[in-house]
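Residue-level listing of the chains:
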Amino acid sequence: MIASAASVFRFLLYVPSSSGAEETTLTWPRVKLTNVKSLATLKPVGFNYPLVNTPNLLVKLGTKAENGVGPDMDIVAYSIICQHLGCYVGFQATGTSPPCNASFRTSTSEGYCCCHGGEYDFGRRAKVIGGPPERPLPSVKLEYDSTTGDIYAVGMEPPTIFGHGPPGTIDPALVLKYDLAGGQPVTQETVFTSGV
Amino acid sequence: MRLSEEGIRGLVAAAIVSLMVVVAVRLWSIDLLLGQSEFGVFLAIELVAFSMLLYLYTRVSYLHVKKDWFLLGCLCLALLLTLAILVR
Amino acid sequence: MDIKFRRIIDWFDSRFGMTETILRPGPDYSINLFYWLGALMVVAFIVQGVTGLLMLLYYVPTVEQAYSSTLFIIKYVPLGRLIETIHLYSAYAMVLLAFAHLMRGYFASVQKKPRELMWIVGMLMGFVVLGFGLTGYLLPWTVISKSATDVTIGMLGFLPSELANVLRFLIAGPGSDAAELSRFFDLHVVVLPAIFTILLAAKMYMFEIHGASEPSTGVKKKVRSIPWFPNIFLYFTMLSCVFLFILLVGSVLFPLALPAQFTPSAASAFVPQPEWYFLWIYQILKFSAFEGAWAVLPLVGITAFFLVLLLLPFIDKSKKRNPAHRPVYVTLGLVFVFEVIVLGVWGYFTPGQVIPNTQALVIMVGIPLVISILSWITYRTRRTFQPAGSRSGSIFRFVSTPFKAPLLTGLFVLLLTSCSIPLAFAVNLMASPWSNIPLLVSSVLITALLLYLMSRIVKKLAAEHPVMGARHEA
Chain A
1 MIASAASVFR FLLYVPSSSG AEETTLTWPR VKLTNVKSLA TLKPVGFNYP LVNTPNLLVK
61 LGTKAENGVG PDMDIVAYSI ICQHLGCYVG FQATGTSPPC NASFRTSTSE GYCCCHGGEY
121 DFGRRAKVIG GPPERPLPSV KLEYDSTTGD IYAVGMEPPT IFGHGPPGTI DPALVLKYDL
181 AGGQPVTQET VFTSGV
Chain B
1001 MRLSEEGIRG LVAAAIVSLM VVVAVRLWSI DLLLGQSEFG VFLAIELVAF SMLLYLYTRV
1061 SYLHVKKDWF LLGCLCLALL LTLAILVR
Chain C
2001 MDIKFRRIID WFDSRFGMTE TILRPGPDYS INLFYWLGAL MVVAFIVQGV TGLLMLLYYV
2061 PTVEQAYSST LFIIKYVPLG RLIETIHLYS AYAMVLLAFA HLMRGYFASV QKKPRELMWI
2121 VGMLMGFVVL GFGLTGYLLP WTVISKSATD VTIGMLGFLP SELANVLRFL IAGPGSDAAE
2181 LSRFFDLHVV VLPAIFTILL AAKMYMFEIH GASEPSTGVK KKVRSIPWFP NIFLYFTMLS
2241 CVFLFILLVG SVLFPLALPA QFTPSAASAF VPQPEWYFLW IYQILKFSAF EGAWAVLPLV
2301 GITAFFLVLL LLPFIDKSKK RNPAHRPVYV TLGLVFVFEV IVLGVWGYFT PGQVIPNTQA
2361 LVIMVGIPLV ISILSWITYR TRRTFQPAGS RSGSIFRFVS TPFKAPLLTG LFVLLLTSCS
2421 IPLAFAVNLM ASPWSNIPLL VSSVLITALL LYLMSRIVKK LAAEHPVMGA RHEA
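Residue numbers (the numbering used here), protein chains in the order written: chain A, 1 to 196; chain B, 1001 to 1088; chain C, 2001 to 2474.
Just chain A, same shape as in the assembly (with noise of 0.2 angstroms):
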């Protein structure tokens, strides 16, 4: 009887692989995000990577950023999901108000973070700057295909995203691990899904 009840617990527990398929080798996901020229400076692009269900902003900042691609080495993505308790960041461009608290103005470029006024500098790998969290948000790396104007995702910077494996895991192979799994892979068609 405690046998039944130890398999109905795994039963519970069980976890499809997210490919379905056998242990083959991770790879980052390679997505075409959009193209240099439809990108409108301090406009955010929302997209889902490296899963269907982790949202991300991609945004040409106007002033170059640490770790910007393009032309100009300003544009930049980001995970939205705050590294405090989960919640959804929001873009704020310099000297504009969040929704949620009129009476603060951002003193850069930043994700803005309403639940408890996280805030993370897009211009500086979205290093925190004010609030709780302990951790940047994760970058998106960007590839920028300068013969077409392309730009691309392709891979995650540590650390994982929130939710995904250990907070503040910074391993790269661990974080490939980590951050692909608990969700489908984004493919060009679910790029940019569910109203992101």
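Simulated from the structure, these hints should not be mistaken for laboratory data. Certain hints may be false.
[Stated by the list, open to error] Some but not every residue of chain A turned toward chain C, in silico, with C-beta under 8 angstroms: (1) G46; (2) N53; (3) P55; (4) I80; (5) L85; (6) G86; (7) C87; (8) Y88; (9) V89; (10) G90; (11) P99; (12) C100; (13) C115; (14) H116; (15) P132; (16) G183.
[Stated by the list, open to error] A few chain C residues that don't get close to chain B, going by computed Cβ distances all over 10 angstroms: (17) A2039; (18) I2144; (19) E2162; (20) Y2205; (21) P2298; (22) T2303.
[As the list claims (entries may be wrong)] No farther apart than 25 angstroms at their CA atoms in a straight line, the calculated lysine to any residue pairs in the SDA-like style are these: (23) A/K127 x C/Q2353; (24) A/K141 x C/T2263; (25) A/K32 x A/K43; (26) A/K177 x C/L2170; (27) C/K2075 x B/S1029; (28) A/K177 x C/G2173; (29) A/K177 x C/P2160; (30) A/K127 x C/A2293; (31) C/K2075 x B/E1038; (32) C/K2004 x B/R1009; (33) C/K2460 x C/L2450; (34) A/K127 x C/G2352; (35) C/K2004 x B/S1018.
Just so you know, these numbers come straight off a predicted model, no measurement behind them. Note that the Cβ used here is the ideal one computed from N, Cα and C, for glycine as well.
Since the structure of chain A is provided, determine the placement of chains B and C on it from the hints.
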């Protein structure tokens, strides 16, 4: 004139039952998509009327009918009827 | 008319035998609203079941269609908006009734022998009701509900990671939104109703064996026995009608307005809050002392508190039931009630804000202190409580005592208000005690001195103006 007298009780009960029947007919004919508020109010009227009927019959055997509760019920009905007209 | 009823009843009775068991006569003290709060919860549960089943005809539990199917019910299904609103308010009613039922049982000390297991089953049912609220809230997939659920599940991340992973997996699945919605739907519609029904059956069975608990203030010698039909049946039906009436009128006057659909960009624009019945827990987690990894402390604390409440019959061994003889027990209960209400309201007005430790201390230490003082005064100056049913108002006489000695009362009020100053200093310094030790020590001492003086005054008041005792000492 105490409500515990059999004749009066029967009359009042008949009045309540006829009110319930009228409201039931009205409920049947309400447009269920647009008149949802009205439906709810009339359903509430039915419930109040039903509990007043029950009160009329319980209290006789246990305590005397207290006129105040009954009047409160009538007041509720009046309020609900006004509400029904308002939410139309 | 009565004879016809009797024949119908007899026909059913000879086949079901109900008048010997469920439908047997009850004691006269059970014709009282407080004895029927649990029964009203069953009515609410049935309402939930019926409205839920009706909505189940149209609701689709996938991420793409959850919101649109809910919107479809509200906009295009005949009576859909009314049904959806009734479902929501009946859910709130269940939580409120559960709280009222718990508190009435607590203060009346019903968990003594032989009803210990009823208490435990009842507490488990209370947890299931909270589970219903949590799982149901996610199903419409609106901005507010999905964000709130994300925060709640995110709280699990503060537990030790193995436990957190298992819990998160059991509740929310392997991590994708679709799995989470699917699991919550399964829990809400199948698992939790089944568990609730089984627990309800157990509780009803035990209720049949033990009957309604006697009033905690003692029974008069002669307890009248009320027949089940028509009296108790009709009383209960009336109560249900009033309850349904309030539910309906509320649903008509305040119809449900569905918030926007959930999208991450919409979610980033506002501050998520859990539902109102979880706000008190959320508020404690917002204290600045519990930031980051320290959040595990209040989580463990609240779990421990619920465990104590669950196992109360085995922790509280005293045989006394009368609240007049249980000062500590009653005070703890009052503190809990006030804290839950204050924390909930406070949480509503401070969305997303971290609460500074000084304020937290005032609310978490100050309020219990005030309640304890008031409770202690009440217990010191009362002489007796009247048994149930008599209304000669010894409470009124107690309340009027302070006005019979205006000077003493005035002095007491003066001491009380001036006590707030050193108390405020002490509380402010508790956040960083080492910054000003002399001030901290002196304010604590002055507070203690003032409290002692107040207690002398209360003693004098009690000695000189006794509240007149009634015929029996309880």
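Each hint, compared with the structure:
1. G46: Hint holds; A/G46 Cβ to chain C Cβ min 5 angstroms, cut 8 angstroms.
2. N53: 5 angstroms, holds
3. P55: With Cβ-Cβ at 4 angstroms, under 8 angstroms, it holds.
4. I80: 6 angstroms, holds
5. L85: Status holds, d = 5 angstroms.
6. G86: Hint holds; A/G86 Cβ to chain C Cβ min 4 angstroms, cut 8 angstroms.
7. C87: Cβ of A/C87 sits 6 angstroms from chain C, so the hint holds.
8. Y88: 4 angstroms, holds
9. V89: 6 angstroms, holds
10. G90: 3 angstroms, holds
11. P99: 4 angstroms, holds
12. C100: Hint on A/C100: holds, closest Cβ of chain C at ~5 angstroms, below 8 angstroms.
13. C115: Where the cut-off is 8 angstroms and the nearest Cβ of chain C is about 5 angstroms from A/C115, the hint holds.
14. H116: OK, holds: A/H116 within 8 angstroms of chain C, min 5 angstroms.
15. P132: Holds. Min distance 6 angstroms.
16. G183: 4 angstroms, holds
17. A2039: 15 angstroms, holds
18. I2144: 23 angstroms, holds
19. E2162: At about 50 angstroms from chain B, C/E2162 clears the 10 angstroms cut-off, so the statement holds.
20. Y2205: At about 28 angstroms from chain B, C/Y2205 clears the 10 angstroms cut-off, so the statement holds.
21. P2298: 41 angstroms, holds
22. T2303: 40 angstroms, holds
23. A/K127 x C/Q2353: Measuring from Cα to Cα gives roughly 21 angstroms; hence the hint holds.
24. A/K141 x C/T2263: 23 angstroms, holds
25. A/K32 x A/K43: 18 angstroms, holds
26. A/K177 x C/L2170: Given pair A/K177, C/L2170 holds - Cα atoms ~22 angstroms apart, limit 25 angstroms.
27. C/K2075 x B/S1029: Holds. C/K2075 to B/S1029 sits at ~20 angstroms (cutoff 25 angstroms).
28. A/K177 x C/G2173: 18 angstroms, holds
29. A/K177 x C/P2160: 21 angstroms, holds
30. A/K127 x C/A2293: 20 angstroms, holds
31. C/K2075 x B/E1038: 16 angstroms, holds
32. C/K2004 x B/R1009: Satisfied, since the Cα-Cα distance of roughly 18 angstroms is no more than 25 angstroms.
33. C/K2460 x C/L2450: 15 angstroms, holds
34. A/K127 x C/G2352: 21 angstroms, holds
35. C/K2004 x B/S1018: 22 angstroms, holds
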